[in-house]
Amino acid sequence: MSRARTAPPSRLRSPLGRARGLGSAKEGVEHWIAQRITAVALVPLALWFVAAMIGVVGADYDTMQDWVGRPLPAIVLVLLLIATFYHAALGLQVVIEDYVHGELARIGCVVVVRLVCVALAIAGIVAVLSLALGVAD
Amino acid sequence: MADNKTSQPAALTPALRPLSPHLQIYRWQLTSVMSILHRASGIALSAGGVLLVWWLVAAASGPEAYNAVQNFLGSWLGVLLLLGWSAALFYHLCNGIRHLVWDTGHALDLRSTYVGGWAVVGASTVLTAIAWVAGIWHWVG
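Here the protein sequences come in this chain order: A and B. Position 135 of the first sequence, counting from 1, maps to 135 under this note's numbering, and the rest follow consecutively. Position 125 of the second sequence, counting from 1, maps to 125 under this note's numbering, and the rest follow consecutively.
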């Protein structure tokens with residue numbers, strides 16, 4: 001099983017094709033790599049997030065506002081929101097592509113998921129920034 | 001069953017290969033259950049992301065909206081959602097690390113997938129428990 005990666009390279013692929021490393025679909029590897037990069041980023045971000053949430057359990061409004069207003073929580077929350085919704089969009093896309101069979105429905109679902117993820121990420125970032133910059137009352 | 005087939009020509013002998021999963025009699029394995037749970041927890045966490053954004057937007061909207069969310073999260077349904085969400089997060093996190101190890105081409109043999117699988121089950125359970133003990137400690141104290 002772990003032998004698979006040492007299998008001899010296929011002679012049917014041209015040197016240029018091997019160098020590009022994209023395969024016949026010409027795309028897909030970016031999706032795979034982006035999913036891994038966001039996954040690696042989310043390991044420390046998620047651990048920080050849980051620790052931070054334990055710290056603000058049951059916090060009243062002023063405590064919450066003060067907490068988000070500090071630079072580190074604001075910055076890490078923005079990074080967390082970007083990585084989370086990027087990773088979620090990629091992961092949900094794979095699930096949709098596996099289970100939604102009609103082409104139009106599949107593309108429609110992927111588009112909707114992407115738009116919702118972008119909207120949620122931006123909403124979260126704007127909320128964090130307005131709290132951090134004191135725009136919110 | 002195999003004895004009856006020995007007298008038949010080889011070409012007519014049905015190969016004794018495993019059949020595709022027949023859900024009523026399917027014997028579940030740790031590996032497949034964990035694979036399904038990885039997807040399920042990922043979908044659950046996406047829904048949890050909506051909760052996070054709702055919380056942040058409410059906080060930015062003012063004390064009234066923020067207190068409404070806090071009251072919901074403090075209700076039994078809110079606590080249940082947070083419990084499920086935190087368990088899904090720790091599971092997806094630990095199993096995600098297992099996936100990243102696999103992506104490097106390591107630990108792909110059958111024994112390693114079970115050792116790693118049980119390690120993930122144990123680690124995510126312990127981490128969820130620690131988070132809730134710490135959270136309740138902080139809440140009460």
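Simulated from the structure, these hints should not be mistaken for laboratory data. C-beta atoms are modelled at their ideal positions from N, C-alpha and C, and glycine is treated no differently. Any given hint might turn out to be false.
[To be verified] Reference excerpt, derived from the structure (chain B facing chain A, CB under 10 Å, subset only):
| no. | residue |
| --- | --- |
| 1 | Pro18 |
| 2 | Gln24 |
| 3 | Gly42 |
| 4 | Gly62 |
| 5 | Pro63 |
| 6 | Ser86 |
| 7 | Trp118 |
| 8 | Val121 |
| 9 | Gly122 |
| 10 | Thr125 |
| 11 | Ala129 |
| 12 | His138 |
Need the list of violated hint numbers for this structure, in ascending order. Hints 1, 2, 7, 8, 9, 10, 11 are the ones this structure does not satisfy, whereas the remaining hints hold.
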